[in-house]
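Chains as they are written, first to last, in the working numbering: chain D, 1094 to 1353; chain X, 1094 to 1353; chain G, 1094 to 1353; chain P, 1094 to 1353; chain B, 1094 to 1353; chain U, 1094 to 1353.
Please keep in mind that the hints were generated in silico from the structure rather than gathered at the bench. A hint or two may mislead.
List of simulated lysine to any residue pairs, SDA-like, C-alpha gap at most 20 Å [what the hints assert, rightly or not]: (1) P:1351 <-> P:1246; (2) B:1264 <-> U:1174; (3) U:1096 <-> X:1171; (4) X:1351 <-> D:1240.
Number of protein chains: 6
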Amino acid sequence: MTKVSDILKYIESIAPRHMAENWDNVGLLCGSRNQTVTKVLVALDPFEGVCREAAELGAELIVTHHPLIFMPAKSVTDDTSIGRSIMMLCREGISAINAHTNLDQTPGGVNDVLARTLGLHDIQIVNPVAGDVPYGLMRMGTVPEQPLDRFLGTVKESLRCDGLRFVDGGKPVRKVAVGGGACSGGMMEVLDAGCDTFVTADVKYNQFWDAHDLGLNLIDAGHFHTENPVVPVLAAKIAEAFPDVAVKISETHHDCMKYY
Amino acid sequence: MTKVSDILKYIESIAPRHMAENWDNVGLLCGSRNQTVTKVLVALDPFEGVCREAAELGAELIVTHHPLIFMPAKSVTDDTSIGRSIMMLCREGISAINAHTNLDQTPGGVNDVLARTLGLHDIQIVNPVAGDVPYGLMRMGTVPEQPLDRFLGTVKESLRCDGLRFVDGGKPVRKVAVGGGACSGGMMEVLDAGCDTFVTADVKYNQFWDAHDLGLNLIDAGHFHTENPVVPVLAAKIAEAFPDVAVKISETHHDCMKYY
Amino acid sequence: MTKVSDILKYIESIAPRHMAENWDNVGLLCGSRNQTVTKVLVALDPFEGVCREAAELGAELIVTHHPLIFMPAKSVTDDTSIGRSIMMLCREGISAINAHTNLDQTPGGVNDVLARTLGLHDIQIVNPVAGDVPYGLMRMGTVPEQPLDRFLGTVKESLRCDGLRFVDGGKPVRKVAVGGGACSGGMMEVLDAGCDTFVTADVKYNQFWDAHDLGLNLIDAGHFHTENPVVPVLAAKIAEAFPDVAVKISETHHDCMKYY
Amino acid sequence: MTKVSDILKYIESIAPRHMAENWDNVGLLCGSRNQTVTKVLVALDPFEGVCREAAELGAELIVTHHPLIFMPAKSVTDDTSIGRSIMMLCREGISAINAHTNLDQTPGGVNDVLARTLGLHDIQIVNPVAGDVPYGLMRMGTVPEQPLDRFLGTVKESLRCDGLRFVDGGKPVRKVAVGGGACSGGMMEVLDAGCDTFVTADVKYNQFWDAHDLGLNLIDAGHFHTENPVVPVLAAKIAEAFPDVAVKISETHHDCMKYY
Amino acid sequence: MTKVSDILKYIESIAPRHMAENWDNVGLLCGSRNQTVTKVLVALDPFEGVCREAAELGAELIVTHHPLIFMPAKSVTDDTSIGRSIMMLCREGISAINAHTNLDQTPGGVNDVLARTLGLHDIQIVNPVAGDVPYGLMRMGTVPEQPLDRFLGTVKESLRCDGLRFVDGGKPVRKVAVGGGACSGGMMEVLDAGCDTFVTADVKYNQFWDAHDLGLNLIDAGHFHTENPVVPVLAAKIAEAFPDVAVKISETHHDCMKYY
Amino acid sequence: MTKVSDILKYIESIAPRHMAENWDNVGLLCGSRNQTVTKVLVALDPFEGVCREAAELGAELIVTHHPLIFMPAKSVTDDTSIGRSIMMLCREGISAINAHTNLDQTPGGVNDVLARTLGLHDIQIVNPVAGDVPYGLMRMGTVPEQPLDRFLGTVKESLRCDGLRFVDGGKPVRKVAVGGGACSGGMMEVLDAGCDTFVTADVKYNQFWDAHDLGLNLIDAGHFHTENPVVPVLAAKIAEAFPDVAVKISETHHDCMKYY
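Bound-form chain D, shown alone:
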């Protein structure tokens, strides 16, 4: 019978702990290694709705990208959303595992899936960390040269975004970097690597202007939409590795933010 510890070990084989940033919180954050698992719910975030969905499904484990606990908790009460989530998981006997920056950086993880989803060719790691298995945060690759407008259409459609925010760097699109989530701090690295276009999220006003001044096409496709493509890939891998476990992708989880 499959246990939480088996699935944890598997996830940390495809997204090793040493690839996580120092400040990050990854692994088993709630529950018990010895828990038997028959059903797993996979989602980008372990939000309250996802926890409820897992309870209704009868899952014993949720696997997510973002951690259940990010700021270490001083209390666990139903005054806060995170408190309610932990209380529900404990009450229902559900464990929670996550792979965050380790999944961002590992080969085949968040950013490789994002790059493939956008149809990039010759995908490479931007500034890889050397080692047995090189890894790194951002990816880059090429597309057939095209006007920015055409590429924006591709991004929106392939990531299923409602909307995009972007700045036009004044160049056609040929070499594209991607960083799922809030990676706009990597702008200089991406330029130094020769890219003309950068797809990321959570971009701030002055960062759009920096891109403008540096001549970089900068596209904010949303935190959810740039990271969520990894969810079905991760679910499929777990399902393949554990044939006796029913793996389901959250139906309720989506982006709460909308465009108008």
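With chain D's structure known, arrange chains X, G, P, B and U on it following the hints.
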């Protein structure tokens, strides 16, 4: 004849230095107090294009909200946009004055103008700092109760945004807080003050979700569009105070970020 | 019907939050304000055994002196004692309230009870913090002048310690200071207040020698035994304030440390 | 004729400076390298009574484990015990040498002597620092399997303690770690090394409970009694190395703390 | 009979402890409050030569401006000058008192004496700290308007300097500030107070250029020569207050630095 | 045609960037890499007078040792000397390059030139940093044994100082260390290297006394005079490397500080 020092003194009478945050950089950041001024260019940002416009206009002064120098400069070269701007201003004999967080916080400043532009009633300071003239960052006021969707339309139209990003807190709109620029850190204050809706900018993924969990309608109307309404107001005040000076609003400055 | 929030409000009326140290964690640390309470378990510590006792008792609330969570939690798993405790509380629907340094410092709290238990007269706060209700950490009072050896007997008997550790300061006992738990850092304050004897806990080697060199009788009566006297007092107060609630003192909780 | 510098060199050959912690203060802390030495007094601590004993003995040098100066001195006056000690040493022409964490960590030092005194077999360094001569803080070794109670008797007798404080981890004693002085912070290391029992000193309330929860027999045998066994060993080594010098162990130095 | 504590109390009546900077070390730094005093040696610094002079004189106390111990001492050995000084004082039974920044700042202290020595009129504190007795670091006063060259002659002669270093600020001398020792960091305060000339010591290259650019005559008259004038004043005060004590000014202490 | 970037590249070939300290600011600090250069002005400091001289000369570049901007600039206005300098350079189209601690440390840089100027033999780096090209801050070498007085004459004459400040260490001069500018913090390194004499600048009172106590002849020959010898050497190198560029040494720059 009007000098830079006269206009500086006037601006610091309507947006006093003590209202600026400690980390901020405000006042005369480039040029000379003794410079005679016949033409002023007013804009949200002292970006390179604005500096060029001032030079072409023959202005001796630019007045902006954002500071010319934010991170103290280790060099002034044409390798960077900020270096090119300073070089151009020095070469052309143009001074640069700004009022940043002091203009955000002062009565009649960025946030009062934003609240009025959105048509709020009974406008008040959220958590005012006591003193002879109370001040503070955010404002709040009321609108006739309405569905969020209707209010989104008002925001978009009155601020002339291309697009908006928002999360639906599940409540009708009645009591609205505003914080021009990146004020999403003030979400808890706004809720404690009894608001149901908050208009600000540069909101991040987890902040949208926090608003969702807390039941707050959170609207990101863009940094530029939430702050720019103060520009014509500021220009009109300077023009009224200095009848011998030609005051012009930048024609080239706009938001570089677009929606798709 | 009594709710967790009622008992929390009562406890914070006798041990106000502003009397807690900044670094402390007090109040409702687990569960729900709206929980109905019929049975309360009171103990010095919310350790695993106490949580289990509460579950077996059918209590909906535990009230303790030490906090359930001291180092903010990065995870809630059964790998650690604290994780197991939180999981058990959530599973069983038990809330947890504590009053720590606020209960140490408040009039009638840990240290007043300790001073009374030792039979001190004319009990006063050492270095009181001024205010409507003065408060402070340590207490001092007098006993009839006696040799140290006799006083040691009184301490051991009244606090029901197995053993004591002490240093003889070379003086008879007349003016005694008390600080339940680890208060040996207050030795200089106690001397400046004219005391000859100090009862506290968790004393270290060099602190015994400091006392020796300063001529202070220093008695380490154990952390548990110097703080536990407050438990029945606290239980009685809650029982009196909430006649409809059954209040029980933990039967399993004791000091794990023994003398040989 | 033997000089202070000769004895210093010898002590630093058996307890090399590089084995001391960065925060420590070791070596010649008072007096003169060129002082001729005919008599040495050896003690655990260079307290005032020990200095007086050295003066009465006519010793020109005291050698101790703990440093004469730990917190760097802002003054040297007879208002403090340390000031009186330094004044006495200077007045009487007595030098002071110590070996502290270097003597704790070196092979044959404080912790090896402690392990041997307790009768451990197959003594090894816990987590040795690699190098020509591996060293480290704690030692571990085996004893014939026995109930905790029997081992407590051995500890008390062999270290000549008045009393002990301990927590019962619920296991028989077989593999024992030792750390003279305040080493309870090493509890996790000791468990990871497979030990069931740990003898150290200056243990605090929460550390006893941690040991209890982790199933470790934890014995606080007192700072003095866990370190003092090294004193006769050190004295004997110096006497052997310097046949022309009279080496004496302090008769007055003992533990000031007592049990009741 | 006069004791060290009597003289300490007197010195702290004329240079109160609260006027010393937080980082400073003042008062009784070596010896014993109860020591009887028949002879005192007064000097600017408690250097080794001064300690030797005190011993030869048979003094029981030295009173200085600079502290015996500035960096707290980790050892007291004859390897260092400060160690040799402390050893000598302890051996000879000599106590050491100093008044440093409290003597700089108090009315009638280092800087008032310096101002009077230079012949300033209408002497005032620059930026006084308010209180019962206002105090502050620097003094300022006027001289009859004169060319810098003439004033340099006055400084050299009245302070008995071998040489001076100065920068010509391009102004005649009329309003002069003084700060004995290393006070060049106060340059902006002195200018804001309307001074044209500043006498201090330990001035660095860039500070000379700052003075040059700011149009301030800056004179470095040496640390010793700007502070030493207080020595005979202090000696005379002690002699007057304690008629039974022989007070002597050090004959050996001088500036070690020379001009060529 | 020579550009600023060509001269920058050349300077960083003789004083590589990696030889600069972390806190330093070196390279192109003002202007444009693409600027064509026909005339260069070389000086120790880029002070206002030097900038004016460059403008009058029609130079497009100034090359200095000290950086134009040391404390990063929060503004560029004519209220400050540095603001006026930057404004003048920008207005006149003059770029500014500097090599500071990289020029101090590189072979053939500030300190090698200083050592040669003083006539030292067998010049070596004190504590060289290993690498392809070893480098370091201070230099040392020998002179024929002579009394200090004779060597002082040599220093004064060869560096063209108005005056010197020194302390006599009580030894003849044989092995001399040099550190141009404020290097007195290197006193212990210099002694450990076996030197009897140290020529540097900006020495403070207590450092002169430290040298006195340590028996080191310490000579403060002024910041300007110990660093300025590198200026003609640097000018000559640039002139040789760029025959089409007119290289001139500043005529106006000198030390503002004088002796009296």
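Hints, verified against the model:
Under the criterion of a C-alpha separation no larger than 20 Å, the hint pairing residue 1351 of chain P with residue 1246 of chain P is consistent with the structure, at around 18 Å. The suggested pairing of residue 1264 of chain B with residue 1174 of chain U holds, with an alpha-carbon distance near 18 Å, which does not exceed 20 Å. The hinted pair formed by residue 1096 of chain U and residue 1171 of chain X meets the criterion: a straight-line CA distance of about 14 Å does not exceed 20 Å. With a C-alpha separation of about 16 Å, the suggested pairing of residue 1351 of chain X with residue 1240 of chain D holds against the 20 Å cut-off.
Hint compliance for this structure: no hint is broken.
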